[in-house]
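Colleague: Listed below are the residues making up each chain.
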Amino acid sequence: SQQGEEDPQALSIQEGENATMNCSYKTSINNLQWYRQNSGRGLVHLILIRSNEREKHSGRLRVTLDTSKKSSSLLITASRAADTASYFCATDASPLGGGADGLTFGKGTHLIIQP
Amino acid sequence: KAGVTQTPRYLIKTRGQQVTLSCSPISGHRSVSWYQQTPGQGLQFLFEYFSETQRNKGNFPGRFSGRQFSNSRSEMNVSTLELGDSALYLCASSLDRDNPFRETQYFGPGTRLLVL
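Chains as they are written, first to last, in this note's numbering: chain A, 1 to 115; chain B, 1 to 116.
For reference, chain B alone in the conformation it holds in the complex:
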């Protein structure tokens, strides 16, 4: 099976702009989670989607949003970019059971976002 894919791999934006990142999960996986990784804060959970619905959410401002399509592909959007949004954004997919975090999470290669 193909792994989790993320596009684009690298992105440069300026403050105030918005950005959309895409994630395609492993075939058959219905849960997609997003994480932000920065040198200062480490890896932090953004949100998780299942069946086109946001099921779980981390502690991030409303500028961070996402959605999931019927084929389980997911996008996340960051509006009004700030310098501190520069990070590696990782998505992960898993087989859904009662709780996706009780199973192995398969991560994509990430999208590295630089905000200038």
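Next comes chain A alone, as it looks inside the complex:
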């Protein structure tokens, strides 16, 4: 079952603008990860934020996590044509004792950067 849901489903912006994607989830989590996927290829890990963290930066990426609202956002600043891809959030909600169900992915946001 899908735990995370990204919003919007698709986003088209001009190169140089900022892109913001949101992710909502349903249960308590240990961490939330963002991945990028180009044209149905493998997933590239972007950033991992743990449940006790509120914000994290990596280069042009900024991720926030609000556990009270069960939501996260990914901001890509100064977008480039190469940022065109699908972006997925994935959550880990596994209990400490094991019995993990793997990462649970949302359906993704398809981002198009227009040159």
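Some clues are possibly wrong.
If you only want the chain A side, here are some residues facing chain B, beta carbon under 7 Å, derived [as the list claims (entries may be wrong)]:
#: 1; residue: Ser39
#: 2; residue: Gly40
#: 3; residue: Leu43
#: 4; residue: His45
#: 5; residue: Gly102
#: 6; residue: Phe105
Label pairs and their calculated CB-CB ranges [what the hints assert, rightly or not]:
#: 7; chain 1: B; residue 1: Ile12; chain 2: A; residue 2: Arg50; range: 24 to 32 Å
#: 8; chain 1: B; residue 1: Thr20; chain 2: A; residue 2: Ser68; range: 40 to 48 Å
#: 9; chain 1: A; residue 1: Glu5; chain 2: B; residue 2: Asn77; range: 40 to 48 Å
#: 10; chain 1: B; residue 1: Lys1; chain 2: A; residue 2: Asn22; range: 30 to 38 Å
#: 11; chain 1: A; residue 1: Asn22; chain 2: B; residue 2: Pro39; range: 19 to 27 Å
#: 12; chain 1: A; residue 1: Glu5; chain 2: B; residue 2: Gly62; range: 42 to 50 Å
#: 13; chain 1: B; residue 1: Gln18; chain 2: A; residue 2: Glu15; range: 43 to 51 Å
#: 14; chain 1: A; residue 1: Arg60; chain 2: B; residue 2: Ser70; range: 35 to 43 Å
#: 15; chain 1: B; residue 1: Gly3; chain 2: A; residue 2: Gly59; range: 16 to 24 Å
#: 16; chain 1: A; residue 1: Asp66; chain 2: B; residue 2: Pro61; range: 33 to 41 Å
#: 17; chain 1: A; residue 1: Ser51; chain 2: B; residue 2: Gly28; range: 25 to 33 Å
Derived from the structure by calculation, the hints contain no laboratory data.
Every residue gets a Cβ at the ideal spot worked out from N, C-alpha and C, and that includes glycine.
Since the structure of chain A is provided, determine the placement of chain B on it from the hints.
Modeller: Frame of chain A; chain B shown alone:
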């Protein structure tokens, strides 16, 4: 370090056949997970292996199975293929701690399976 590799990259099979996909994790990674990606269901967890043992399993029928070898390489097998098994199959490796999903998962390029 070399990344996660998957073979073959593309595969065409017919209904009723079986298929075996292979995944080689990043050197030193002992946990390997498998995911299925389809347009309708998105990315779904199949199973995770560590030290040659299936440690976690998703909600897939018994036709889907896997194994892991002593060098951490993993294979997954799908028997009696159905049209709905057409998908991109991704494997991911991670450093094992108490729980591999609490760490970064490194994904391979995937194997695209088409069932006719």
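Colleague: Could you run down the list of hints and mark each one as holding or not?
Modeller: Hints, one by one, checked against the model:
1. Of the supplied interface hints, the one on A:Ser39 is violated, with its beta-carbon coming no nearer than about 11 Å to a beta-carbon of chain B, more than 7 Å.
2. Taken as an interface hint, A:Gly40 checks out: its beta carbon lies about 6 Å from the nearest beta carbon of chain B, inside 7 Å.
3. Look at A:Leu43: its Cβ gets to within about 4 Å of chain B, closer than 7 Å, so that hint holds up.
4. The closest approach between the C-beta of A:His45 and any C-beta of chain B is roughly 5 Å, which is under the 7 Å cut-off, so the hint is satisfied.
5. Nearest Cβ of chain B to the Cβ of A:Gly102: about 3 Å, under the 7 Å cut. The hint holds.
6. Because the beta carbon of A:Phe105 sits about 4 Å from the nearest beta carbon in chain B, less than 7 Å, this interface hint is met.
7. Look at B:Ile12 against A:Arg50: about 42 Å separates their beta carbons, and that is not inside 24 to 32 Å.
8. For the pair B:Thr20 and A:Ser68, the supplied restraint of 40 to 48 Å holds, since their beta-carbon distance comes to about 46 Å.
9. In this structure the supplied range 40 to 48 Å is violated for A:Glu5 paired with B:Asn77, their Cβ-Cβ distance being about 32 Å.
10. A hinted range of 30 to 38 Å for the beta carbons of B:Lys1 and A:Asn22 is consistent with their spacing of about 33 Å.
11. Remark: the range hint 19 to 27 Å for A:Asn22 to B:Pro39 is upheld by a beta-carbon distance near 22 Å.
12. Between A:Glu5 and B:Gly62 the Cβ separation comes to about 30 Å, which falls outside the hinted range of 42 to 50 Å.
13. Checked against the given bound of 43 to 51 Å, the beta carbons of B:Gln18 and A:Glu15, roughly 47 Å apart, stay inside it.
14. Between A:Arg60 and B:Ser70 the CB atoms are about 41 Å apart, so this pair conforms to the stated range of 35 to 43 Å.
15. The hint said 16 to 24 Å for the Cβ distance between B:Gly3 and A:Gly59, and at roughly 20 Å that hint holds.
16. Between A:Asp66 and B:Pro61, the C-beta spacing of about 37 Å keeps the proposed range 33 to 41 Å intact.
17. A hinted range of 25 to 33 Å for the beta carbons of A:Ser51 and B:Gly28 is consistent with their spacing of about 27 Å.
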